[in-house]
Amino acid sequence: MTLQQLKYIIALDNHRHFARAAEASLISQPGLTTQLKNLEEEIGIKIFDRSKVPMVPTKEGSEIIVRARKVLRESESIREFVIDRKNSLEGEIRIGVISTLSPYLVPSFIMAMQRIAPKVKMIITERPTGLLIRDLESGQIDVALMATPTGQSGLSEHSVFDEPFVAYLPNDQYPEEKVYTLKAEDKNRLLFLQYEFCYNAQLLDICNLKDEAVPDEKFSYEISSIETLKNLVRAGLGFAIIPQLSVQHETDGFVRPLQKPTPVRQISLVTTDTFSRQLLVEKMQQAILDCLPEELKLISADRKIRWNDSPYFAKKMEQFQ
110 MTLQQLKYII ALDNHRHFAR AAEASLISQP GLTTQLKNLE EEIGIKIFDR SKVPMVPTKE
170 GSEIIVRARK VLRESESIRE FVIDRKNSLE GEIRIGVIST LSPYLVPSFI MAMQRIAPKV
230 KMIITERPTG LLIRDLESGQ IDVALMATPT GQSGLSEHSV FDEPFVAYLP NDQYPEEKVY
290 TLKAEDKNRL LFLQYEFCYN AQLLDICNLK DEAVPDEKFS YEISSIETLK NLVRAGLGFA
350 IIPQLSVQHE TDGFVRPLQK PTPVRQISLV TTDTFSRQLL VEKMQQAILD CLPEELKLIS
410 ADRKIRWNDS PYFAKKMEQF Q
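110 is the number of the first residue of the sequence shown in the working numbering; add one for each residue after it.
For the record, the hints were derived by calculation from the structure and aren't laboratory data. Since the structure is predicted, the reported quantities are computational estimates derived from the model, not experimental observations. Don't take every hint at face value.
Claimed, not checked - List time: in silico SDA-like cross-link candidates among lysine to any residue, alpha-carbon distance up to 20 Å:
| no. | residue 1 | residue 2 |
| --- | --- | --- |
| 1 | K228 | F190 |
| 2 | K116 | S247 |
| 3 | K339 | D281 |
| 4 | K161 | Q138 |
| 5 | K296 | R365 |
| 6 | K230 | R203 |
Make a model of the complete structure from these sequences and hints.
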């Protein structure tokens, strides 16, 4: 059994298709088939059920794949450790970013990292929180930029900044409001995001709503973009509570600060406990801080909003298990 064979079965698990896995692994399809056959014969266990379309891991194969991911993550950490000891900012880093932060920070973050660490190749993906945690644990990404705390064992959190939430209100319905205070009648007009369960759980906390229920909707929508939420507000179809970075360039009067104590979310770089490239994490923290407006660098948390212990979040995440 070799590390390369373990990489092949992980590619097969990721793609569930021989041709695509072979292409991703830079090997011919017959060569990949032979490597899998050799490994299965060596250990005496079928790893994949090829009779199903798409193919799926067998029960024993699923366990082997979990262990293979762990072995490869540990082997990669050795290389990362050596690079870090040499204080060398080079190589590849796979970064996942929550979708409620990515559009407003990633472009300037990329430019800052290109100045700070020009030899580092960044592969950036945008994901909901639950999938970022899954991808961290499975070794598909190295670092997640997300709201914390996660409450997950085996993960290390490196806090970067606290981001306040603000109200986004229709001008004609709230003309006199300088600071927004949530009213009971407003709760059923609050707009949520599809699949961003971390963000939704934060809204439930901010609005003191029951964790197990999102307010009834007067219309059905399945969106995952804060920009779409803002357009719904502009159309008079509700109101939103959104992170401050998403409105930093707004000048049209829809934004109101929330009543103190101001709710904030903690934004952190999250890695597994075995991730050893601490110098790179420090440089990423520096790059993010360089991108922030000055007022965000001075924020001290008034009311830190949690999501990881929300029954709503736990229930929604069951579909990804």
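We went through each hint and held it up to the structure:
{"no.": "1", "hint": "K228 with F190", "in the structure": "holds, 17 Å"}
{"no.": "2", "hint": "K116 with S247", "in the structure": "holds, 13 Å"}
{"no.": "3", "hint": "K339 with D281", "in the structure": "holds, 15 Å"}
{"no.": "4", "hint": "K161 with Q138", "in the structure": "holds, 18 Å"}
{"no.": "5", "hint": "K296 with R365", "in the structure": "holds, 17 Å"}
{"no.": "6", "hint": "K230 with R203", "in the structure": "holds, 9 Å"}
Checked against the numbered hints given earlier, this structure breaks none of them.
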